[in-house]
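Participant: Given next are the chains, with one letter for each unit.
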Amino acid sequence: MLQLIVLAAILQASLSIEMTFTLQEHEVQCFHEIIPKDKKFSLEYQVISGGHFDIDCNMMSPNSKTLYKEQRKQYDTFHHKTVEAGEYTFCFSNEFSTFAHKTVYFDLDLGDESTDIGADDESGEGAHATALTQLESSAYTIHESLRLVVDYQNHHRLKERIGREIAEYLCERVQNWSVGQTVLIVIVAFGQVYMLRKLFDKPVARGGKVGI
Amino acid sequence: MHVDIKDPEAKVILSKYYTNEGQFVFTTHTPGEHHICLSPNSTRWFSGGSRLRVYLSIDVGEHANDYKQIQAKEKLSELQLRVRQLLEQVDQITKEQNYQRSREERFRFTSESTNNRVLWWAVAQTSILLLVGAWQMRHLKGFFEAKKLV
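If you're matching them up, the sequences are chains R and F in order.
If you read the first sequence in the numbering used here, its first letter stands for residue 1, the second for the next number, and so on.
If you read the second sequence in the numbering used here, its first letter stands for residue 213, the second for the next number, and so on.
Hint data in this document are derived by calculation from the structure and do not stem from the laboratory.
Just so you know, these numbers come straight off a predicted model, no measurement behind them.
Be aware that a few hints might be false.
Straight-line Cα separation of at most 16 Å, EDC-like style, residue types lysine to aspartate or glutamate; simulated pairs [as the list claims (entries may be wrong)]:
id, chain 1, residue 1, chain 2, residue 2
1, R, K159, F, D271
2, F, K307, R, D151
3, R, K159, F, E221
4, F, K359, R, D151
5, R, K159, R, E44
6, R, K159, F, E316
The following block holds chain R by itself, in its conformation from the complex:
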């Protein structure tokens, strides 16, 4: 079976990569990222559908040292500061599951918590240590706050998705089981009467004993 290893590389220094993907049962999916030295990053993942909502995750440094390894977690965050530049690999594994395919959301945040004004690559300027006007520093503060808002919205979106999926599944299950139970009641009722009648319909040729 052809396995796809996805490499998601960021183009800009302080961006975050987030992805929602599906993992089939017994499947492992790995992602690679080239991260420079002395960079703080955080990996956050959450299982949003499937089975018991758990997944295995492990992260390895460029020299194959395991930085993080957890089994069967529903949600976790992992922070680390890189000591070497290179390709970091993180894998999600659904190998323990026999029939549940999972949907996993992860967010790799390579943002630096430095207050490097002007290092915002979206504006295209490099960092400069000159004094900033009030407007510029306000703009930066607003930008950071809005990033936080987007982050919270993300979390909310995930929670809502999990809840909604459970609710829809419940609704369907209630309907199916109710129909099934009703049909069963009717079948059993008719079946009981029929069996009882059959008991009495036996020919009396067995020495006059009838039924009960």
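Could you slot chain F onto chain R? The hints should help.
Facilitator: Positioned in the frame of chain R, the structure of chain F alone reads:
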């Protein structure tokens, strides 16, 4: 590489074959989960079991804007560009909130529907049980009377 993009209503937005490199842009018309599927061109089955490494970069919303281009085209100063970026960000947040509002509505509808179903089916099943029980008694009474056992 074959790229398939489906919108939340399972309608195909894009379905194209690319060579080993490709770029695609699309604007969504429905809010919700879009599915982006990448599959290798499976004409080489003898190479089954081999692994493929794919580079993927997805930019959504305001991250998809090329600010250098916007700055050059509209001749904005540094500050103006930042303000523009903030406006885009706020726009995104507003869109996301609208989306959440419609999602909450659907969630509420599902919950109320479940509530109704539980209630209605409980009533229905109880009455069916009673009806069927009564029918059983009546039928068997008639049957035993006909068989001259009571």
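Participant: Please go over all the hints and tell whether each is borne out by the structure.
Facilitator: Status of the hints after comparison with the structure:
1. R:K159 to F:D271: 23 Å, violated
2. F:K307 to R:D151: It holds: about 14 Å lies between the C-alpha atoms, which stays within 16 Å.
3. R:K159 to F:E221: Distance ~21 Å between K159 of chain R and E221 of chain F Cα, so the pair is violated.
4. F:K359 to R:D151: 78 Å, violated
5. R:K159 to R:E44: 14 Å, holds
6. R:K159 to F:E316: The given pair, whose Cα atoms are some 12 Å apart, holds under the 16 Å limit.
Violated hints, listed in ascending order, are 1, 3 and 4; each of the other numbered hints is respected by the structure.
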